[in-house]
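Model the full structure from these sequences, guided by the hints.
For the protein sequence lines, the chains are A and B, in the order given. Residues in the first sequence are numbered from 1 upward in steps of one, following this note's numbering. Residues in the second sequence are numbered from 1 upward in steps of one, following this note's numbering.
What the hints contain is simulated information worked out from the structure, not anything from laboratory work.
Derived pair list, reagent style DSBU-like, types lysine-lysine, alpha-carbon separation capped at 30 Å:
1) B:Lys282 with B:Lys109
2) B:Lys299 with B:Lys309
3) B:Lys80 with B:Lys95
4) A:Lys202 with A:Lys169
5) B:Lys352 with A:Lys73
6) B:Lys235 with A:Lys73
7) A:Lys80 with B:Lys300
8) A:Lys108 with B:Lys258
9) A:Lys80 with B:Lys275
10) B:Lys372 with A:Lys951
11) A:Lys72 with B:Lys214
12) A:Lys517 with A:Lys229
13) A:Lys347 with A:Lys239
14) B:Lys400 with A:Lys987
15) A:Lys951 with B:Lys400
16) A:Lys334 with A:Lys720
17) A:Lys274 with A:Lys962
18) B:Lys332 with A:Lys987
19) A:Lys72 with B:Lys309
20) B:Lys347 with A:Lys80
21) B:Lys290 with A:Lys80
22) A:Lys72 with B:Lys332
23) A:Lys720 with A:Lys349
24) B:Lys275 with A:Lys73
25) B:Lys95 with B:Lys275
26) B:Lys121 with B:Lys73
27) B:Lys385 with A:Lys996
28) B:Lys385 with A:Lys956
29) B:Lys290 with A:Lys73
Derived coverage of chain A by chain B (criterion: at least 3 residues anywhere in the stretch with Cβ under 8 Å from a Cβ of chain B; other residues may be distant):
30) 84-94
31) 943-951
We treat Cβ as the ideally placed atom computed from N, Cα and C, and that holds for glycine.
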Amino acid sequence: MEKRYWKGVEELNNTPEFTRLRDNEFFEHLPVDEVLNKKAASDSSTTRRDFLKFLGFSVAAASLAACDAPVKKAIPYVSKPEEITLGIPNYYASSYYDGTDYCSVLVKTREGRPIKIEGNDLSGVTKGGTNARVQGSVLSLYDSARLTSPLKGGQKSDWKTVDADIIAKLTAAVSAGKKIAIVASSNASPSAKKAIADFSAKYTTATLATYDAVSYNGVVKGNEMSFGKAIVPSYSFDKAEIIVSFAADFLSNWISPIEFAVQYGVGRKLRNGKRTMSRHIQVESTLSLTGSNADSRYKVKPSELSSAVAALYNKVAALAGGTSISAGSSSFDKAADKVAHELWAAKGKALVVSGSNDPNEQVLVNAINNMLGSYGNTISLDSTCNLRSSNDGAVVELMQAMNAGQVGAVIFWNTNPVYTMPSMSEAIAKVGTKISLSDRNDETASKCDYVCPDHHYLESWGDVEPYTNRYSLMQPTIRPLFNTRQAAESLLKWAGVQVVDYYTYVRANWEANIYPKQSGMTSFEAFWTKSLQDGVFAATIPASTPATFVGNVADAASKLMKPSAGADVVLYEKTGIANGNQANNPWLQELPDPISKVCWDNYFAILPAYAEKLKVVQGNVIEVKVGNTAIKGPVFLQPAMADNTIAVAVGYGRTAAGKAGNGVGFNAYPFVTLSNGSLSMIAANATVTKTVEDDHTLAATQTHHTMMGREIVKETTLSKWLRDSKSGNEQELIDSPYGKKKPEELDLWATTEKPGFDRPNHSWGLGIDLNACIGCGSCVVACNAENNVPVVGKDEIGRAREMHWIRIDRYYSSDTTKENAGEKGLGKLSMYGEMEKPGSDNPEVFFQPVMCQHCNHAPCETVCPVAATTHSSEGLNMMAYNRCVGTRYCANNCPYKVRRFNWFKYSDNDQFPYNMQDNLGKMVLNPDVVVRSRGVMEKCSMCVQRIQYGKLESKKAGRRPKDGEIKTACAQACPTNAIVFGDFNDKNSEVNNLFKDPRSYHLLAELNVQPSVFYQTKVRNKN
Amino acid sequence: MSRYISRYLTITSFALFLNVISLSQVVAQPDGGAIFKANCTSCHVVGDNKVVGPGLKNVHQRHNEEWLLKWIKNSSALIKSGDAEAVKVYEENNKTAMPAFNLSTDEIKSVIAYIKTESEKAPAAAASGTNDVNASSGEESQEDGSPIVLLLVTLGFIALYFILNSAKKGLERVVRQREGLPEPPIYKGKAWVREHKKLIAVIVIFLLVVGSVKGWYALKGIGVQEGYQPDQPIKFSHALHVGQNKIDCRYCHSGAEKSKNANIPSPMVCMNCHKYVQEGPKYGTEEIGKIYKAVGWDKKKQAYTGKTKAIQWVRIHNLPDLAYFNHAQHVKVGQVTCQTCHGEVEKMEVMKQASPLTMGWCINCHRQTEVKMNGNGYYKELHEKLKKQHGPDAKLTVDKIGGLECARCHY
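Here it is as structure tokens:
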């Protein structure tokens, strides 16, 4: 064994809690002795006779109930829509855009209900990729917290009244010479922009303040200062041979994460003869999803990040022959020279990005990219990204105007400043008329006079122009569930624009402005139909050209953030909850954080060594104070963080999101401060005090289902792999009476051919490329949606009863290995002891998605007393729920710990007030998959419903299924194509080619359970 | 069968549709009723109301037979010839000409005779028809007879026992009297039980065995709704539509070849024909009127009102949620006829569940039915492999290609 991976600090420290969980998967104490002893029996108020009476009654009642079958109705459509055939899904192309993420999607509908979101392969931007939030968005449609009608003064009202009132108030505000402010999130929709323009034409005092809770103003301003263009450029991570990221979490949240994840995957994959991969260097304070994928990672305190950028600038400038600038010192200084040389060697194919919202830091990053010749290659200023356009200056100005009483009316569109910006909430109180277009009565809407609820995007018409000349259409996939109205239509209504509906408006806009940009089609009708069907339309994309850098680097450097002496707080967005707009989505709340594996919470993440200094342990509630802002929250010990750093996720602590999101975690937005005219996610000089409050329990999936002490994630480095394509994937031999043997040579079963075990027709398999997996969790949410996986809540997660069919294991590495133990002078025993310890405070991170491995010698199948889990002739491990009697032997015997037990009937139990509990939330259920009842085991079925559907489609057409036609939900959701599904019997299938690759291995191959799922060695591009 | 299917699928008008049916029926003796149904019902009813053409009740009284023969054979020729009666009828009906019918004189005469008899019995028939249905659609007792037989046998045994017993007692009495022995004490209650242990044991064992067997089958029958025949909101007769009119199942249940659901047709599908067929043979306008109510069809104005009301059929075939069944797999790929599972629907006046729909029943069929591999590209390679494995003449049933595996139906 080359390296030792540990699954968490608990594993490393061997805490009693961890040992308890490891030793008993089902660790519940069963009160057998208490119930059966004599004293308990005599104390019990139920006598033997009573017991028999109850027993008799229940038997009689049950038999009576069973005798009478309920009468079921079958109600056909009066007039069946032509395109709907019951039982066959329809797919509609649409677009997801919530002011942050953009994704071109296909919406799967069954009998008129959207039930699943899938990526749209035709999109030139997201190229079929999705992320967890997009996958989860379909559940937000069926959110019972959505408003069902407009509100006036908090009371239900109707559109006529509300419209008349609002028009009167707006007109009055204009005639009084007061401003009408529209506080909207970033808006990339050409039609919505036009609607705002129409609104402003009618109400002349209207001003737009683009406000994003997590702002990208620094990037926009930085580019204005560098190139005179106030834009966000487009980045090409796929073209970059070396990527240096300063705390930009581009795989999870930064600018266009889905697009970047797709690009990143292209650069990282070693497939189809590609023998090069990009090198990724991350400089950051907290351990982000992006950082955990990096080849080399440097830890820098948040307030020193700007200095780190300046240091790199100086080193690159030295190579390029430029002048150096004054820079503060940071822990990155030592490595800066090496990184600069690497960048310089890859000139023209390098990319440097920064997650900072400080325009000055962005100027420096632009300058570095300029020296490296990135513009025109890996960055394009010609094709601009419209997804992030927040203007923090305008927001500040607006607040001043509000406080001065100059604002007569304010409209909140897709923003929730009362929650995200406390200073704004005070200013709002001074505005005469407050209107919210929120879909729910959220923190801001509840303070508004009128709430005009917006449609969900799956009920809306609309368009998005994510990049210059790249268009994307949004179309409704269901009739509006409630009496809501699209936000842009509300604006048009108030502006008195005479349109039938927003659909007509969007269509007219496309006819006038977008149709002329194409040449292939001769009629608008044909163009419109094609665009609607494809979901996207791309006109001529401007060619990327080198840019002329005009920024003042010295001036920018002088305004950079100075390293602080004390502790720094850094705010970040989690992969699931992000800025908190989908906080009421139980799928996203239950998605474990990719790094901490904690669900349903945010926390102050600190380095274990720093915690020792502070004398706090995990779960302690601490108070963090920056300036006048003090916030309390639990401590989470996070390895690989920078020292003196406290990282905390925003998006939690909602108070008016809905029953799933309310009161989960705490609100960290008050730490957002204004610095250099931008909203900064870094707050320096924090003081930490331990409170006397009771410890907070964090529910994590991290320490459960361990696979301790075995070679699980195999890894190698690029240089080693280039020399030997099997490197890192050496097969372990087993000691046996016949000497060292390969696992498959030592078989309990007879090795002769058995007629029942061959696969004449199909042999399904799943390949997982650990080099491409970024751990984003998109597959987990996709699986939830596809397979009706219940949400169990924080309490049950704490009891190790999560129901996810696919999990992503995250391992940290330790620096001590068998090889270097000798150099360290360690003996055999102390070597193992040392391997358990954090040898380094900057461990590498590995992700490994684990689902049922569909073993061909499945240990679960042999122990089932009722043959509820059996093997199919197509290589699937099948699970018949109705046959299962719940002994849980199979889970005990599963080496991968992928079986999940239904401790409750999650679909109809008041204790689990999530989507399956209310009738609205049930609409998201996939009708092809059974909702499991209490007391049965379940697990990944390899999406057998999709396999059967795909097979049937081929049979109907009288042909074999095409490779890639059938995809599991996880494979389909994966933005980097790390998961590949296919038929081993199809000699030319992608999965077959992958399996032949020397990097392929089976998880726990030494057990010889012969899984149908295989993995591929992770390759790091480092020396 | 397939000849009909392809024809039915390509019908462009209902008239043509009915013609096809008429061609398929070989008529030895002119049957006025059949000819009328095949040729005339798309435009006429034997009643007072107009459909496309006028109602034909008592038409034999309005026109003489000779004229009717000419008119039916070629109405436009008759109009052209300037026949006053013909021109009048033509103008009364918005100048819509009735197409010429290539029918023999005998055939037309039989149609006129049919109209004559129908006209006379029309009101009475409607009334009696309704009564008929009430009787037949009422709760039918589904006794299979066996308990009655058992009961009779048991009673027979008991009677035999008493007869033999009294005979024995009589003989004993005779013997006693002859020998001069005293009368035995009369047994009562417990004493009787003590005396008849063997008999009681036999009865108890008998009852236990019968009870267990019956109980076992009763338990197995829980949730099995074979023979379930509920009243439906519309007295739709498959016997009439499928049996008599020979409409293909898939004309209405159009999903059967495409989807997992065969689909209960939307009433708009009914309207394809019932826009013209406004009266049924049994219930007259009553049941067809329910379709009009559902789709909002105004018969007088011949237009949709826009007011619709969905029909709530009672679902007969209820497969539990845990089992996945796909019609397309069986109908399109497996080429299984509808009747295999649904029974002789063409003879069912009221639809009922013909099969038990139990897992044992499914499995049994999967064990016996051969996979239709020939001509389906999907199975080509597999077929070759299986022929090698099982021999060229082996019966390749569904279970041989994994048709008994759990995850084929349970997921």
